[in-house]
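Student: Sequence:
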Amino acid sequence: MKKLFVLLVYVLVIVIAGCQPATSFIPDEGTAYFEYIKYKGSDEFYTQNSSDSCHIYNPVLPGFYPDPSICQKEDDYYLVNSTFSYFPGVPLFHSKDLVHWEQIGHVLDRPSQLNIIDQPVSAGIYAASIDYNSFNETFYMVTTFVGGGGNFIVSARDPKGSWSDPVFLPEIEGIDPSLFFDEDGKAYICNTQDPEGGKLYEGHTAIWIQEFDLDENKMVGPRKMIRSGGHNINEKPVWLEGPHIYKKEGYYYLLSAEGGTSIDHSVVIFRSKNIWGPYETNPNNPILTQRGLDPERCYPVTNAGHADLFQTPQGDWYTTFLACRPYDNQNTYNIGRETFMLPVKWEGEWPTILCEGLRIPLQIKAPTQGIETSEEKYLPTGNFTWEDTFSEKKLDYRWIFLRTPKEEWYSFPENINGVILQLRDANLREIKQPSFLACRQQQHTMSLETNLKFDPQSSSDIAGLALFQNEAFHIVMGVTKMEDRVCLVVQKAIEKGNVIRNMSADAYDSNIEKSIIYKVEINSIKENGIGLRVSMRNDVFVFSINTNGKWEVLPIKELANYLSTSRAGGFVGTVMGPYASLND
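So our numbering is basically just the index in the sequence shown, starting at one, shifted up by 141.
It cannot be assumed that every hint is accurate.
[As the list claims (entries may be wrong)] Beta-carbon label-pair distances, calculated as ranges: (1) Glu549 x Gly362: 42 to 50 Å; (2) Trp487 x Asn724: 53 to 61 Å; (3) Leu499 x Thr453: 17 to 25 Å; (4) Lys535 x Glu488: 44 to 52 Å.
Hints in this document: simulated from the structure, not taken from any laboratory.
Idealized CB from N, CA, C, for every residue including glycine.
All chains, full assembly: derive it from the sequences and hints.
Tutor: Next comes the structure, spelled out in structure tokens:
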């Protein structure tokens, strides 16, 4: 009996040792340990309007999910978005009912497909477009790598599997390519580039088309400009872009964005009996816009445009498009351009998405009864909370990297939860690939928190939470060493002179510095750790720490518009997450 008791005690000790609590873990020098990441969203609109499976909740993809494109195979819908200089590139979502969306991967998930090295964050992958060809039962995604190799195409028989390496299309200049498969099996790619004969004014663009050989994976035949300027060239419309072609009752319909990506953004449509044109304009253009509405309206949606149309198996038409949700009447938003959805009505020979002057609704009736489920695999909408303890020892699809990683600088400790980041010679101000796990900010009222263990060795070492809009606009709440003392700091990037905001790396590294806006000495957190929390409330960022089981708000606030697109520029939204550097 005594031997049995001793044996049971021994087994119990082994089990306890194998499941040691996170508090017993001490990170190695040169690494930072994050026990968990917890995100909570609390936007006011969603506290008053709950979702259900009978309605589509706008935005269907909240946060930085711009330039949506969608295709259908039977009763399966597949949707992609642009990702600019983040890796993996082009998130791929699947739905059966247009209500619940599951991310099933990324189209560009290998360095051989997407090698982002020295592109600023708003370069990279533009306007990804997905299509399904029923003739050869193949899915295609075509896009532009700005600052890289230009326009390219990838394909897959099964979108949930691996996609091919890119085939670049040097014949296509410009941006925003999309495929169209005609009834005779021929394929065409249309895209945006400069008009024939040159620009007549700033922002003057045109839509071009050329046949694409599916067997040889190359452009063939002549290229032709099929629409110049936009709806009315006499009004000097700008940035005709993001084209898609559809065929209905003998007409080819050319859908495009117009007016730029800010408050004048819109969707216009043209048609022709011949795919090569000429294309006449819809007299009721634009068929979707939010320009000209009262800026004081409640829960505004702005910047609507860049749409893609599709049909349900029942024959109903819908559109997915990008739009923004500002938090003030100055069109200020941090979370980037999001994915929305609306029904499309065909009134006579032209489609209408939303009559001019009407507001985009944040809830619409779903085409079919939604799937009743509580499964976590579906992307949450509205207000939600998620927590990642990294217990599965792999990264969830929500985590993305700034540029393509060349080495594995993150790892998972054995027997306990959490993630370990290596401190590396890269920081967020540089055009490099830093130790930064990023997730999207998806509400304007939100919080992100973690528990950090870290032993900084110098003032160049830092680890903590980063909120990142671009190289010149980001905030880090982290732990470092200053004058041989461990300190908590809140710092932000500042411009030294003028930063060149273009698609090359010139002038970024040398013209951006860090500014410490708060500093306090703390005890060593190597063994006990420190809780870090960043919240956005009432248009400001609030910073809190937890050293004794209770959260303490720091005596500092930063205006949230510091990370807004209107101030920071660019085409992305704020991302955030654990960050570590030995050269900060």
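Student: Please go over all the hints and tell whether each is borne out by the structure.
Tutor: Consistency of the hints with the structure:
no.	hint	result
1	Glu549 x Gly362: 42 to 50 Å	46 Å, holds
2	Trp487 x Asn724: 53 to 61 Å	58 Å, holds
3	Leu499 x Thr453: 17 to 25 Å	22 Å, holds
4	Lys535 x Glu488: 44 to 52 Å	50 Å, holds
Checked against the numbered hints listed earlier, the structure breaks none of them; every hint is satisfied.
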